[in-house]
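Participant: Residue numbers (this note's numbering), protein chains in the order written: chain A, 1 to 702; chain B, 703 to 1404.
Check before you lean on any hint, since a few could be wrong.
Unchecked claim - Okay, derived cross-link-like pairs now, PhoX-like style, lysine-lysine, Cα gap no bigger than 25 Å in a straight line:
| no. | chain 1 | residue 1 | chain 2 | residue 2 |
| --- | --- | --- | --- | --- |
| 1 | A | K135 | A | K162 |
| 2 | A | K135 | A | K147 |
| 3 | A | K312 | B | K1127 |
| 4 | A | K587 | B | K1031 |
| 5 | B | K1135 | B | K1188 |
| 6 | A | K399 | A | K146 |
| 7 | B | K1289 | A | K329 |
| 8 | A | K135 | A | K521 |
| 9 | A | K587 | B | K1014 |
| 10 | B | K1001 | B | K848 |
| 11 | B | K836 | B | K848 |
| 12 | B | K836 | B | K849 |
It is worth saying that the hints were derived from the structure and are not from the lab.
Number of protein chains: 2
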Amino acid sequence: MTSHAREGMFPISEIPNLDLKKAGFEIEKDEIYNPENTSLLDAIVKVNGCTGSFVSSQGLILTNHHCAYGAIRRASTPEHDYLADGFYALTRDKEIPAPGFRVRITRSYEDVSDRILSAIKESMSWGERSEVIKKQINIIETQAEKKHPGWRAEVSEMFSGKTYLLFMYEMLNDVRLVYAPPRSVGEFGGEIDNWMWPRHTGDFSFMRVYVAPDGSPAEYDPENVPYEPKRFARISSQGVQQEDLVFLLGYPGRTYRHRTSSFVAYEQELRMPAVAELYDWQIDLMDSLSMESRELALKHASRIKGRANTMKNYRGKLLGLERLDLVEKKRAEEKLLKAFIASDPQWQEDQDLLEKIEAIYNEKQDYFQFDFILSYLPRSSTLFSIARTLHTAAQERQKPDDERKSAYTDRRYNETIDNLVLRLKTVHLPTEKAFLKHILTQATDLPDSLRPKRLNTFIHSPHPKQQLHALVDSLLEHTELHQESKVREWSALPPTAFKSSRDAMIDFYVDLYPLYEKLEKIENAHSGALDAYHAQLLDVQMAYQDQRFIPDANGTLRLTYGHIRSYSPRDAVHYHPISTLQGIMEKTTGLEPFDTPSRLLDLIDIADYGRFEHKALNSVPVCILYDTDTTGGNSGSPVFNARGELVGLNFDRAFEATINDYAWSADYSRSIGVDVRYILWFMQSYSHAHRLLQEMEIPGGS
Amino acid sequence: MTSHAREGMFPISEIPNLDLKKAGFEIEKDEIYNPENTSLLDAIVKVNGCTGSFVSSQGLILTNHHCAYGAIRRASTPEHDYLADGFYALTRDKEIPAPGFRVRITRSYEDVSDRILSAIKESMSWGERSEVIKKQINIIETQAEKKHPGWRAEVSEMFSGKTYLLFMYEMLNDVRLVYAPPRSVGEFGGEIDNWMWPRHTGDFSFMRVYVAPDGSPAEYDPENVPYEPKRFARISSQGVQQEDLVFLLGYPGRTYRHRTSSFVAYEQELRMPAVAELYDWQIDLMDSLSMESRELALKHASRIKGRANTMKNYRGKLLGLERLDLVEKKRAEEKLLKAFIASDPQWQEDQDLLEKIEAIYNEKQDYFQFDFILSYLPRSSTLFSIARTLHTAAQERQKPDDERKSAYTDRRYNETIDNLVLRLKTVHLPTEKAFLKHILTQATDLPDSLRPKRLNTFIHSPHPKQQLHALVDSLLEHTELHQESKVREWSALPPTAFKSSRDAMIDFYVDLYPLYEKLEKIENAHSGALDAYHAQLLDVQMAYQDQRFIPDANGTLRLTYGHIRSYSPRDAVHYHPISTLQGIMEKTTGLEPFDTPSRLLDLIDIADYGRFEHKALNSVPVCILYDTDTTGGNSGSPVFNARGELVGLNFDRAFEATINDYAWSADYSRSIGVDVRYILWFMQSYSHAHRLLQEMEIPGGS
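Looking at chain A on its own, in the form it has when it is part of the complex (with noise of 0.2 Å):
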């Protein structure tokens, strides 16, 4: 609730009131951001969900491997299996296209707060309210759209129910694969590192954004040239030592920062608890169908990288919670809130605020299982989240194409639809049965207003169980959307088709369908109050502490920053901030994912590492450790130097730094880049890759 010294994702329209100078910075405010001129945002770009930056004149991206990965994937064939050995494009021309990759940079921000919040008239309710704002949201970014066209116009919302801003975003859809290390090196670690220090991934990649001739935003066309941004980020093979002042730019995705202690509690003893409980159930299940058969295990390996991927997440933030005691501290900042507020007059109306979002979370209790089961059965059966896209889709056609979400607008339905079937390929009818067995066992519990119908036909009957596995089994055999011709065909069916129809898994979900209603419902009742209680709230909180608020992350531009910094994780364990090859010597076991190309180890083993070691460690550093504030989405966000130069690569975040979500601690926040040292020493000695170290200006290489 409170916003501490180091603690921060500035948004842009911040970075005006921060004291760079005096936090250590040594290049000036107006050469990180400047409206009235270029400055280094404008080398910052959003590559699908992560960030990337430009660093070169030419349009080249750096951003990770694990962001490139579909990319890289989709340019594998089985002669060329880019995935395993890499890929280097020895000239421009053998640069691959991206279908599917975005790139978007901020142009501008504009706020709105005025133009949505007064929509809003005092005899609404609170569902309501919800409602008009998402309307509001809607007629601005289509209005804005149509002045910029080509532009991507985006609300979002940085104080909940209070304000928020209007960004710009250039869209350039030519992406080009240019430049991926081989999956041992950039995926080095696999789930075993991941979300942790000390680490010896090689976790980056090189994208190249092309425009028309004319300098306009096009589709991939063979006759494009590469786009020139306004800045590039230069890098500085110098590297960073302990304790040197970094900062990152980039866009994190969600931090919850500002929520009540009620909010916290109801993640820490209900939600998190829950998904954790049927995710390892599920992945245990998963993982013992795996060992059947090579084509099982490939068919679920997504599934459970996924799934053991948040799970290692809520670990982590669960024992951070613990070790913070965050909902103790919380409540504790709102007793002192709560005796301010009594003390002023002013706050007169604010008297049951803290009670009040309480009471919400009271209510979203009582509704947590309902909610959680509808919000998890599409989760765990393929077969009925299909059945459920055909069924929004059918509703969306019905409305006026600029009225529909947007991935069922006609421009995008198409592509729609092929992501859906090509889900089709993971689905495994046993594995389908058992995860609806179990999630709608929960669901006989359920009150008998929020249970689904069909359940109610059997669970006062002798052998519940029974029949609730008879129900499971004849869904499935009785369904026939496990064909692609068959999901093709149902897309293109009226909303009428529907409710008439004799696909088993189609009928479940209409009649099922009621509930959803219901539960938006609900949701949006608890949001639109949410909303209004927590703008109160933030008036309360300011007037209070007397400072200017950070609004949480929320996919927007941000600015962070810290130091290359070690920790102490536990009780006599301490981490070095910065590792070297010889851990990548350390860990390779031969096996993925510590299978390090013999060649690597051999030039390892050479020891040659020329104008990229680190004196003192006597090795190339691998990856760095540092105290910035950062979270999902800041994925290849480049780290600066206090001059504003290069250093690192963002990829990930120590263990304990998963509860950077709720919380940002001194002692356990950390953030892990690839140091650039170690990019520019691989592609140079392993790959060769002189053209890109060029167009780079890293200095002539040995």
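Since the structure of chain A is already known, use the hints to place chain B on it.
Facilitator: Quick look at chain B alone, frame taken from chain A:
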């Protein structure tokens, strides 16, 4: 092969040659060892396979919880679970006898090399030499024990084929349990933390030795009185700081530092991987069986634990051998040694010495599979092992009592058979079957002359696997050795009964017996030759390096010293050498092995550390880490400061220090002890064990 500065488990005979002042000792050498008078050595005891030390004038012994484990378990009843709750004898008459526990004190040593080696004749074969050495040792021990009734005489080989010392031990047999912390403290961290730093285990306990009222050694008798040691160790509750000098006295078991590269290669490439592979497979099988029921889990628990311990030890060793590149290092040293030999006609006879040793190991390699299968058959099947012991027993009992192996002498025979019967408790026939099938399948690949005869009947048949399985099934269906009465019956029968046995397992062992005889002959020939070669090699090495050599650990009393010292096991990871109570809080999950008693958590929370606080760490130190040279058998060794005051209790090594058996490494050799401040703080605050604290003369507690 070389003896490094700080490397060294010095035998007491070496103490007079050490410059301890220069090393930083503040007490005089003759306070540690003085054959003319009492010294610190008189406070050191061997407690079964562990070390212990007297810590009061009344025979009170401090040793590890894991060393007293058997006594604590045996003392426990369903009403009083001392393993779970801990034990504190409020008064002396409440101390509980620990049958099976023996305490020995080293009283003197004498060089008997000449008496042994003079019996060897030039004309003897290697096997005969090996036999004659064993025989001479037996004679010397028997004669010495006759001279000193009640003492134990043991000849220890210091340098193989070269130096033999006769040690005389005073044996004390009335040992009682005085104090033990709860298992959740004494085994905190269990298998997970085993061989690991940072550590937070309170691995300590107290026992007391009693003697007859006239002071002579005696078996348990309620009339016995506490033994009054010549000397006891004084405890310092001041504790230690990083980089303080410490020394240990104890009984390290076995090291192999003087062996050649061919031995290490044999261990690294052949023996350890083979054992690891077998145990991995066996643990997996037992783990999956253990899921079936709690009963099966208990049956397999101790075997799983033992094998997991070995596996972790081997994994640590294999890692260390690879990191140190020990085989290559030894080969390089041997190359220099060969050049030295060639350079001097004095060593004419030793020209091919290293090649001869290598030739033996080549031969051992050829026999490895045979040796491995015969050695691990009894370790894989308890019933097979019982059959083997019964067969050996019958043969030994044909001999005069004083010529038998000691386990089969009349004095110890009942105990041996009782122990055999105890092993029946863990027999689970499906496990026996699976293990036997697994190892006998490997036996089918042996050459004809070494293969168990029974297998020959079908290995060339069309379905050898089925027939092998049928054989094992039949072995276990037609044996009665899982019945206690049958084991006792067989234990009284003469060798002739075995020849006409109708018990399938006995019969199977009798069939294999000639192979075991063959293996023993081969081993005798190898060890006879190696003994002689190693003796020659030592002469050359001493001349080459012009320095004294420290014999490998062999279970005799040793001094080692070093410093409280941090270490860096991996890139970017640094471990502080003193852990604290806060680490207990961090690790505690509430689930075994991290299930700290809630009362202890409360005490840590209250933070009333009194005079046991480490000011800089703001906590009570729990465990300490130091770079002395230890190995198995050093468990329970007292850790002394430079003034000879007891400051800790040794109980384990760090993972990387498992390499100690082959080489000492300044980087990785670290041993782990309980800090005496934790012992005292815990006894005072948790157990209120004032009687013992007073007895140890700890200044007045709170």
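Participant: Hint by hint, say whether it matches the structure.
Facilitator: Against the structure, the hints:
1. About 16 Å separates the Cα atoms of K135 of chain A and K162 of chain A, which keeps this hinted pair within 25 Å; it holds.
2. Between K135 of chain A and K147 of chain A the CA atoms are separated by roughly 19 Å; this keeps the pair inside 25 Å, and the hint holds.
3. Note on K312 of chain A and K1127 of chain B: the hinted pairing is violated, with a Cα-Cα distance of about 41 Å set against a maximum of 25 Å.
4. Taking the CA atoms of K587 of chain A and K1031 of chain B, the gap is near 22 Å; set against the 25 Å cutoff, the hint holds.
5. For the proposed pair K1135 of chain B and K1188 of chain B, the alpha carbon gap of about 20 Å is at most 25 Å, so the pair holds.
6. Among the hinted pairs, K399 of chain A with K146 of chain A is consistent with the structure: their alpha-carbon atoms are about 20 Å apart, no more than 25 Å.
7. For the suggested pair K1289 of chain B and K329 of chain A, the alpha carbons sit about 22 Å apart, so the restraint of at most 25 Å is met.
8. The straight-line distance between the Cα atoms of K135 of chain A and K521 of chain A is roughly 16 Å, inside the 25 Å bound, and the hint therefore holds.
9. With a C-alpha separation of about 17 Å, the suggested pair K587 of chain A and K1014 of chain B falls inside the 25 Å cut-off, and the hint holds.
10. With a CA separation close to 43 Å, the supplied pair K1001 of chain B and K848 of chain B exceeds the 25 Å bound.
11. A C-alpha spacing of about 19 Å is found between K836 of chain B and K848 of chain B, which places the hinted pair at or below 25 Å, so the restraint holds.
12. Of the pairs offered as hints, the one joining K836 of chain B and K849 of chain B holds, with about 20 Å between alpha carbons and a cut-off of 25 Å not exceeded.
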